[in-house]
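Enquirer: Spelled out from the first residue to the last, the chains are:
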Amino acid sequence: MKLMKKSVLVLFFLLVLIGCAGRKAEQPQPVDFRTGTQGLYLSFVSNLPPPKLYDREPLNIMVQVENKGTETVGPGDVVFLSGFDTSIITDIPLQGVDIPTLEGRGPFLPQGGVDTISFRGRIQPFSSRRIDRYVPTLLLTACYHYETIASAQVCIDPNPFAPTSIQKVCTPSTVSTGSQGAPIAVTSVEVEAAPQKTRFKINVQNVGGGDVFRAGADALRKCSPYAAGLTFDEVDFIRLADVSISNIHITETCKPRDNSGHLRLVNGQASIYCEYGAPPEQSPFLTPLNIVLQYGYRQSIARQVEIRAVS
Amino acid sequence: MKKMVFVLLLLVACQFQVPTRKIPESPVIYTGTSALEASFNPATMGNLIMCQQADIYVDVKNVGASDINNGMYSFITEDQYLVPLTERQKKFSLEGKSQFNPKGGFDQIHLRVRNTGILPQFETYNPEIIFQACYKYSTFASTQVCIDPDIANLNPRKSCRSEPVLLPNGQGAPVAVTKIEPYMVPEGDGVTPVFAIFVQNLGPGAVVAHEGAEAACKGDSGLALLNFANVRASLQNKDLKCDPNPVKVEGSQERRFVCQRKDMLFGPSAGTFSAVLTVQLDYGYVNSLALPLDIARLPGQEPC
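Going down the list, the sequences are from chains A and B. The first sequence begins at 777 in my numbering and counts up one residue at a time. The second sequence begins at -7 in my numbering and counts up one residue at a time.
Calculated from the structure, these hints are not laboratory results. No experiment lies behind these values; they were computed from the predicted model shown. Certain hints may be false.
Straight-line alpha carbon distances no greater than 20 Å define the calculated EDC-like cross-link-like pairs of lysine to aspartate or glutamate that follow [what the hints assert, rightly or not]:
| id | chain 1 | residue 1 | chain 2 | residue 2 |
| --- | --- | --- | --- | --- |
| 1 | A | K977 | A | E1028 |
| 2 | B | K210 | B | E294 |
| 3 | B | K254 | B | D235 |
| 4 | B | K230 | A | D861 |
| 5 | B | K230 | A | E1051 |
| 6 | B | K240 | B | E179 |
| 7 | B | K82 | B | E29 |
| 8 | A | K1031 | A | E1051 |
| 9 | B | K95 | A | E1051 |
| 10 | B | K171 | A | E1051 |
| 11 | B | K83 | B | D99 |
| 12 | B | K53 | B | E87 |
Just chain A, same shape as in the assembly:
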């Protein structure tokens, strides 16, 4: 009986020990954050503006802005409200409202910055105009700078057609990259190995549903719905900021690029051709190809409001 008691106690003790051993301190694990097709995400806060309101009431509009991408949105980036008659709805700043600094997602930050932007307008009385109702579509336009950073693991084979029978660690082929947490995505990198030269065809696509335009303050100003508008040589352009492989910058080898390093997207897509001269004595190896794209981006959402006359 005593022996039985002892063995029960030992068993209990062991169980406690095993239980404690299992309780390791949880370390934050970095997550694969460079995914997704959105940069800034805009949404009207529920009932702001309300679907129906009366003249002489204040028009309160609140917009939630969330950075769903991986780059910071912030100073210099602007949100505009348009689509209304400024003689009926007054006091809305036509020069736009600055977007507060919103950090992007990171390895230890699963959610990007979230904030709200408010517009407060006044509705002029309808009685003198004999208007029963006014139903404008309020258009909210965000103009901001963004960046896509993509990394694809590519196979470099300086002697692809060498008459040897050595075992190769990899074979150059197309690498699918998906999306990178930005509205412009590097969708795939096609690798073509030639003796001492490896060529890359980098496929880029506008996947964010908005308009892309040349990066820069001038274009950002023209993005406003109260400006002359972006012209043909400004819209659908992205800047190839950097392409590097094994810490070697190969941006200069990339084509097509204009003098300022920009290239045009046609039907929302573009292909960039770059090349890398690998030392001939090197055997095939896998290495990350890093691509950095910079651009301005325009997104908009709309909400219809019905304004009725009180009397």
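Please build the complex by placing chain B on the supplied structure of chain A, with the hints as guidance.
Expert: Relative to chain A, chain B alone:
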């Protein structure tokens, strides 16, 4: 006992259902294609015996969106058979539809007539009594139009597109603005909006000039009776110049006039937006209504 308490509690709980509240809709005033609606009341005596008097009742309703002030009505009778015993021509006013009177003003007009006899060779005679109402009326059309300075469509994201607006339901008046075609005419870096406005008489009556409303019921003649409506249009509280003005509104034909303002220029900084174009048409309107009477002679009845 416990069961009963439980059932009672259940019943009481059911009473606390949140009542569904419906927000009352404010009435739509500026719709419809009628102004004055007139009809003979069923109490009207359509059949009468020779030498008898008859009471004619006309129900009048202003179902339009404008008030009728100092309108005039008149009864037209065959004087050799029917002598009016009450005033056959009189001024009247009727309130139009409004937020506080969504059905509009209502009134009843009375005329008493006496038959002075019919020709000896007739057993019955069927004259007509015509009721005519003449009044000044206005059409107020407030329509949303899209002002778009970006005619090259450089910005594909717009809150509206400048395209024709159809208005098939009228504006609470017999003369209706049926269509508005906006044109953005390039002028330097901006645009000047030009509006082609189509109007039509969709009511049951006839249009006369604004100043000729009373004359139409008095039986006068002259230029005042021509079918013209005066036009006023404004955008952003600024008056536009319309041509032709006045516009002829004849029968049920659709007529077109153009409104613009040379100094009204919208540059890129104005953005694309919905504005309200207000069109006001002032005219006179005439409604007519006929009542067939049946005057019968009794067998052997002597002249009156």
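Enquirer: Now tell me, hint by hint, if it's right for this structure.
Expert: Tested hints:
no., hint, result
1, A:K977 x A:E1028, "holds, 15 Å"
2, B:K210 x B:E294, "violated, 36 Å"
3, B:K254 x B:D235, "holds, 13 Å"
4, B:K230 x A:D861, "holds, 13 Å"
5, B:K230 x A:E1051, "violated, 63 Å"
6, B:K240 x B:E179, "violated, 31 Å"
7, B:K82 x B:E29, "holds, 17 Å"
8, A:K1031 x A:E1051, "holds, 10 Å"
9, B:K95 x A:E1051, "violated, 79 Å"
10, B:K171 x A:E1051, "violated, 61 Å"
11, B:K83 x B:D99, "holds, 13 Å"
12, B:K53 x B:E87, "holds, 9 Å"
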